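Between the sequences and the hints, there should be enough to build the whole structure, so can you do that?
Residue numbers (the numbering used here), protein chains in the order written: chain U, 1 to 333; chain D, 334 to 662.
Derived from the structure by calculation, the hints contain no laboratory data. All values derive from a computational prediction rather than experimental measurement. C-beta atoms are modelled at their ideal positions from N, C-alpha and C, and glycine is treated no differently. Be careful, since some hints might not be right.
What the hints assert, rightly or not - Take a look, some chain D residues computed to stay more than 10 Å from chain U by CB distance:
#1 Tyr442
#2 Pro627
#3 Glu628
#4 Glu635
To be verified - In silico DSBU-like cross-links for lysine-lysine, where the CA-CA straight-line distance does not exceed 35 Å:
#5 U:Lys176 / U:Lys141
#6 U:Lys83 / U:Lys176
#7 D:Lys587 / U:Lys137
#8 U:Lys68 / U:Lys94
#9 U:Lys129 / U:Lys86
#10 U:Lys141 / D:Lys587
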Amino acid sequence: MTIEPLLDVRGLVKEFPQSGGIIPGRLSPIRAVSGVDVQVLPGQTHGLVGESGCGKSTVARTILQLDKPTAGEAIFEGRDLFKLNKSDLREARKDIQIVFQDPFSSLNPRMTVQSIIEEPFVIHGGAHKSEREAEVKRLLKQVGLNPEHAARYPHQFSGGQRQRVGIARALALQPKLIIADEPVSALDVSIQAQVVNLMRDLQRELNVSYLFIAHDLAVVRHISDVVSVMYLGKIVETGSRDDIYENPTHPYTQALLSAVPEPDPILERMRERRVLVGDLPSPADPPSGCRFRTRCWKATELCAEEEPALEDPGVGHSVACHHPEVEVAISSR
Amino acid sequence: MAVPLLVVEDLSVEFHTDEGIVKAVSNMSWELAAGETMAILGESGSGKSVSVQAVMGLLPMPPAVIAGGSIRYGDTELIGSEPSVLRNIRGPEIAMIFQDPLSALNPVYRVGWQIAEMFRMHEGASRSEARTRSIDLMQRVGIPNPEIRFRQYPHEFSGGMRQRAMIAMALALNPKVLIADEPTTALDVTVQAQIMDLLGQIQADTNMGLILITHDLGVVASVADRVIVMYAGRTVETGDAESFYRRPAHPYSKGLMRSVPRITGPLERLHSIDGTPPSVVDLPAGCAFATRCPEVHDRCTERPALIQIGDRTRTAACHLVGEPVGEAV
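What follows is the structure in structure tokens.
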């Protein structure tokens with residue numbers, strides 16, 4: 001790769017201790033994230049998709065150290081975020097902001113929008129009061145809200161407008177990277193499109209990078225340059241957007257895509273759907289070898305014995321599978 | 334069309350709150366026949382759930398008030414009927430499943446017991462008979478190891494398995510109509526596919542009528558025969574699914590269809606509908622979509638009636654669709 005990544009996460013591991021059991025401390029910890037590599041290039045969007053419990057949100061939270069990582073490194077502009085001391089980390093966080101899923105609980109109901117958006121300035125000490133006011137007005141306008149509404153409280157806004165406020169707050173310090181954790185999944189379709197478009201426009205305008213975390217494959221397709229698919233704490237397939245959507249090679253990615261219903265009854269009737277059997281295994285006790293093997297229609301003995309590496313099976317992008325569906329993937333499109 | 338099982342006519346539901354009267358559902362009408370799948374599509378606050386809660390008698394009254402209309406199951410009018418009459422219809426004849434199976438199942442009773450209760454309460458089955466029939470039913474809805482699962486509590490079930498358990502409870506008494514209110518919204522997409530397959534398969538076996546309440550245009554396209562689109566408590570468009578998806582007529586349906594992100598097809602900028610839905614406390618006298626409508630014009634200050642369009646069973650509530658301009662769309 002010729003362009004230096006803005007964020008380069010390598011070997012990220014996060015374990016959560018399990019409480020309970022008869023003897024304290026005897027239960028082995030749950031590995032929510034188990035050796036994940038993610039790179040975000042300047043001005044680009046890396047989409048991280050997976051179903052609930054796959055560890056995608058934990059990746060976001062550990063990068064920002066809202067949860068302490070267990071192992072791994074996160075190189076941001078040449079420095080490992082996980083090794084920074086408190087004041088350096090604080091400084092680095094100006095450049096990395098987060099937008100949360102729930103626009104109802106992520107904004108303090110007792111603060112006006114003005115004070116919500118200017119709080120980053122207050123915390124990181126910058127700008128005079130009058131400058132801050134002007135800045136908040138500018139930010140509100142930038143995210144498509146009426147600057148006159150700065151004195152209002154969150155409950156006076158709709159869900160989509162609240163998510164815009166959350167984005168304005170994230171933009172306040174002109175970050176280089178925004179980590180967006182399911183930013184549109186709580187919104188109605190017509191509003192969701194507004195927010196996705198806003199994020200794309202802002203990226204073009206400000207050259208900000210996104211790590212975009214979502215369970216909705218269609219939304220991720222519309223915003224990402226690079227896409228990684230997670231299953232049970234690991235990335236099973238990663239590649240450019242077109243690699244993943246035009247040429248999905250891991251059986252899990254294929255099943256995931258085939259499960260998304262398309263808004264077209266004629267297409268739906270003709271489609272062959274690959275319905276996965278069973279449920280996600282418990283992350284406390286993941287299957288040996290390939291973690292997807294218990295639900296995979298191609299699983300063999302090898303899959304139980306040996307964990308597949310994330311590498312290119314000759315399709316131009318990386319897949320962690322012993323039996324990648326190379327031909328099938330191409331001919332089905 | 335076959336003789337309808339369930340007929341809703343001119344139904345209006347209001348909530349009398351401190352802030353004013355919320356017109357949650359205004360003048361809604363539909364019919365459901367056996368073996369048919371009808372989807373009620375709408376965004377949050379559109380009244381899609383309230384409309385079926387009125388059918389099931391689940392609305393808290395007060396604040397809810399049925400302001401008008403009729404709900405008939407066969408020859409029986411449900412609005413204002415005796416509780417004893419309703420008990421024999423709601424549940425045994427018309428069953429319902431919900432978005433969140435965790436809150437619909439009682440956490441302190443074993444799942445099997447909750448399914449078995451249906452047989453014991455409604456059919457006076459013995460303990461062992463209820464148990465056998467419940468285990469059969471659990472098997473039928475695809476719960477593996479039903480003998481073991483019978484003795485487990487809801488928290489020991491995954492989301493998809495809980496939804497299956499709830500479907501088992503709903504199906505216990507062989508209902509003629511099943512109402513599914515966002516049955517897969519809380520589930521992952523791979524599990525959603527399993528549950529929708531299961532519902533389709535059960536419907537094919539039993540020929541029951543299925544009402545699917547959802548906001549997901551994809552889910553609707555995969556199963557529905559007919560679609561009703563709601564906006565701000567009003568029906569804005571109805572029709573058979575295939576022709577609705579091919580040529581949505583109402584500007585809201587058109588906008589909605591174009592704003593859905595897709596996993597195939599050209600990657601254009603998503604279409605978005607500007608603005609937000611009006612407050613249901615203070616609905617405009619005219620068309621509720623007028624403030625967001627790209628095709629708004631003078632007549633939109635009058636409330637549009639549902640007008641038949643084309644030669645099919647399609648209708649739309651828009652002043653534009655009755656005119657030649659609308660036909661061409």
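Against the structure, the hints come out as follows:
1. Tyr442: Given that every Cβ of chain U is farther than 10 Å from that of Tyr442 of chain D, nearest at about 22 Å, it holds.
2. Pro627: holds (12 Å)
3. Glu628: Check passes; 16 Å lies beyond 10 Å.
4. Glu635: Check passes; 24 Å lies beyond 10 Å.
5. U:Lys176 / U:Lys141: holds (20 Å)
6. U:Lys83 / U:Lys176: holds (20 Å)
7. D:Lys587 / U:Lys137: holds (34 Å)
8. U:Lys68 / U:Lys94: Holds. Lys68 of chain U to Lys94 of chain U sits at ~18 Å (cutoff 35 Å).
9. U:Lys129 / U:Lys86: holds (27 Å)
10. U:Lys141 / D:Lys587: Since the Cα atoms of Lys141 of chain U and Lys587 of chain D sit roughly 28 Å apart, the hinted pair holds (cutoff 35 Å).
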